[in-house]
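Asker: Residues per chain, in single letters:
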Amino acid sequence: MTESQSPPAKEVWITGIGIVSSLGEGLDAHWDALNQKRINVDDKRFAPYIVHPLAPVSFDAQIPKKGDQRQMEAWQRIGTYAAGLALDSAGIKGNAEILGRTDMIVAAGGGERDIAVDMAILNAAAQGNSSPGFLNERLMNDLRPTLFLAQLSNLLAGNIAIVHGVCGTSRTFMGEEAASIDAARIALARIESGQSDIALVGAAHNGERADLLILFEFGDFNLKDKFSPVWERKENSGFALGSAGCFLVMESREHAEARGAKPYARLTKVVADLAQRNQPGAVTRSLEAMWPQLGVASDDIGLITGATGVEPVTSEEKAFLGQHPGFAVRTTGTTFGHTLETQFPLGLALAALSISRGALFPPNDPTGLEVEKLAAPAQIVVLGAGHWQGEGMALVEAVK
Amino acid sequence: MAAPRDNLGRPIVVVTGMGIVTSLGAGKSDNWAKLTAGESGIKTVTRFPIDGLKSTMAGAIDFVTIEPFSSTGLSERLAEMVTKEAIEQSGIGSKGNFPGPLFLAVAPVETEWPQRLEVSRTIDKKEEMTYFDMLRVCGGGKFAEYHHRFMFGSVANYLARTFGTKGSPISLSTACASGATSIQLGVEAIRRGEANAALCVATDGSVNPEAIVRFSLLSALSTQNDPPQAASKPFSKNRDGFVMAEGAGALVLESYDSAIARGAPILGVVAGCGELTDSFHRTRSSPDGKPIIGCMRKTLADAGMTPEQIDHINAHGTATPENDKMEYLTTAAVFGEHAQKIPVSSNKSMVGHTISAAGAVEAIISLLTLEHQRIPPTINYDIPDPAIPFNVVGNKARDARVTAVMSNSFGFGGQNASLILTREPA
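Chains B and E, in that order, give the protein sequences. Note that our numbering has the first sequence beginning at 1, numbered continuously upward. Note that our numbering has the second sequence beginning at 1, numbered continuously upward.
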């Protein structure tokens, strides 16, 4: 029955990393900011809500045509920019032969609405303007014809293809935080099995959006009034939306070695789950069930989490962490804010960066949950538990 | 006995259950009867006022009602209907316990106008409202259900819980190729040996004013509103765009091994999948057609087949001026002289363009074509476009020997995906 078993899984390397965020752009800027424990929040623009605004970026550097920039909304520009940084970092930017067969999995939400148009329509409606064709006529007259393309989820991938020429397969996963956990999981599985040699995987998020604040305010998820680190939010729970783009180039070891590419780290395992969150403790149990699947020998390990600061999921995650006192926890939500689909790739990127720099960046947490860890990390776990659904973990390791 | 593997040594992926809903009706029998009778599901929109719209018809599914209405809610209900039909036919697992992962093609989700208006009505203010006024009233639990409703993962979350699929459900969008991508992801998971079965679902309930306006502003929709059932004219000289439509399709994919072991019905084989991205433009294909040509060739190679072995093409056939011309040119490049002999048909002439669902809906119709050895027609084919000399199955269904169907899907953002479906394992 099993005479033709699948060949052994290929080793997968992370050979390119691109990050742009509230802390700046590129690996050095992020490494310095993390070591200086720098945090960039804006508590005025959307007060009482707090956001982590994108640092000033010259988009021309990665998106040279102004026409391309105009066709995109901010989230697409952020993502296309970060994707370009990742391709540069992997040394494949402009390499048409490789890019033409590079597979892409993008985790995406949707684009920003035209808030002026929305409010004009709502105000006109409030003033009693409710003729049958009112909404149709306003939308026909007021919407920019190409705005739709800047809002469509799969058009971040489309823009990356147009601007950078990444033209193998192109898949866009949706579903908030879980979308990028699955993007990493599927990319890893495809490369391990030989279905793909090289892939660009990542996400982008514009956190400076009134329409998103409304969406999350429906569920009372926004952090209000005063910024505090994620582990200090029990009494004032919530997330501060953050702007960030993060992409990774992943490839099989043999593909990387054949082209002389150096790895930042190895991606060994990605697991994901959909806990039944209507049951208290389900997230803790889900994380406990996933942990042994990573095959890590000891708890004495770095762990980068995308914990959101919303409840009850943050407390459930904390209960899992409490079972493993050896973990040196780092929390991207405190530093970068909550970047939804981008949080998990950001965790993978910082894990790979830490391994390549021979150190885990320092804690940034007054509660003491995060502890110092001075030894060079050989393995770092990345954890994601979405604000309303979806859990996952990955293991990033030094290449042997 | 030979190992149940394909020419590349991978597990063979078969279909053991299918469910479909379109503007023609719910379920395989009803759809098949109407498709082969050449009926149209396109009607003048009655769900909301059409004043001020350039395109006033759609393949809306009005025989399924949900309260309160939202496009995402309708997408969810349609997906649930087709999944139930597919799992029942397949007989796989047990109630609420599907033994594999879920891959769901679904339209991007956002807060919709009825809900936005509802929130704004709770603002007590004489002067002009701003978004900050909206922000001040939307929290506190009054609209808590709208958070879940308008999360991108909400439909998949519901399906995963209802049908008990395993692991983290994947929601995906590759625009008009989404349905094909959901099948491709399922095929890949089974070929990797990760799963013996996968549930691939694609759904779209997006006929709402803003969606119509968006496609209208991109000049993508037909404006031949009267009579509505004649608007969608794939491959005709007087075609002028697609007609928006709603629908859903679900397929239970299984390894051949697993299907045989449990004595499941084998409805067909997903013999090949292919995909190649076009980087030319956000909405237009590269003028040389190379990405589409490459996509079709990759699909043939994946199936280990030659163009001569394909005896029917279920075309993307949107009826936009550019798509149909490009589809002919690329097909001709791949199939050579054979391109003018293969019977080609576009289901979109009857059911409209079900956008995110189209790839799955059309894969199911392709499998029904294989089962019945009868090709549904391309209706409204009265003025053939001489620039598209396809062997179009025009206006009347055609009996034919069909052993392998290529089903194509092309979407905004340079998305190209093709599938090859066969009756029996090669």
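Certain hints may be false.
Unchecked claim - Heads up, simulated DSS-like pairs for lysine-lysine below, C-alpha to C-alpha not over 27 Å straight-line:
1. E/K142 - B/K44
2. E/K325 - E/K341
3. E/K95 - B/K224
4. E/K298 - B/K93
5. E/K95 - E/K84
6. E/K325 - E/K290
7. E/K166 - B/K10
8. B/K269 - E/K166
9. B/K37 - B/K234
10. E/K142 - E/K126
11. B/K318 - B/K269
12. E/K125 - B/K93
13. B/K262 - B/K10
14. E/K290 - B/K65
15. B/K37 - B/K65
16. B/K318 - E/K126
17. B/K226 - E/K142
18. B/K224 - B/K234
19. E/K341 - B/K44
20. E/K298 - B/K10
21. E/K341 - E/K54
22. E/K95 - E/K34
23. B/K226 - B/K44
24. B/K234 - E/K142
25. E/K126 - B/K44
26. E/K341 - E/K396
27. B/K224 - E/K125
By construction, these hints were calculated from the structure, which means they are not laboratory data. These numbers come from a predicted model, not from an experiment.
Asker: Confirm or reject each hint.
Answerer: Hints versus structure:
no.	hint	in the structure
1	E/K142 - B/K44	holds (26 Å)
2	E/K325 - E/K341	holds (17 Å)
3	E/K95 - B/K224	violated (44 Å)
4	E/K298 - B/K93	holds (25 Å)
5	E/K95 - E/K84	holds (10 Å)
6	E/K325 - E/K290	holds (14 Å)
7	E/K166 - B/K10	holds (25 Å)
8	B/K269 - E/K166	holds (18 Å)
9	B/K37 - B/K234	holds (22 Å)
10	E/K142 - E/K126	holds (22 Å)
11	B/K318 - B/K269	holds (22 Å)
12	E/K125 - B/K93	violated (53 Å)
13	B/K262 - B/K10	holds (17 Å)
14	E/K290 - B/K65	holds (24 Å)
15	B/K37 - B/K65	violated (35 Å)
16	B/K318 - E/K126	violated (46 Å)
17	B/K226 - E/K142	holds (24 Å)
18	B/K224 - B/K234	holds (13 Å)
19	E/K341 - B/K44	violated (67 Å)
20	E/K298 - B/K10	holds (23 Å)
21	E/K341 - E/K54	violated (37 Å)
22	E/K95 - E/K34	violated (31 Å)
23	B/K226 - B/K44	holds (11 Å)
24	B/K234 - E/K142	holds (23 Å)
25	E/K126 - B/K44	holds (25 Å)
26	E/K341 - E/K396	holds (17 Å)
27	B/K224 - E/K125	holds (23 Å)
The structure does not agree with the numbered hints 3, 12, 15, 16, 19, 21 and 22 stated previously, though it agrees with the rest.
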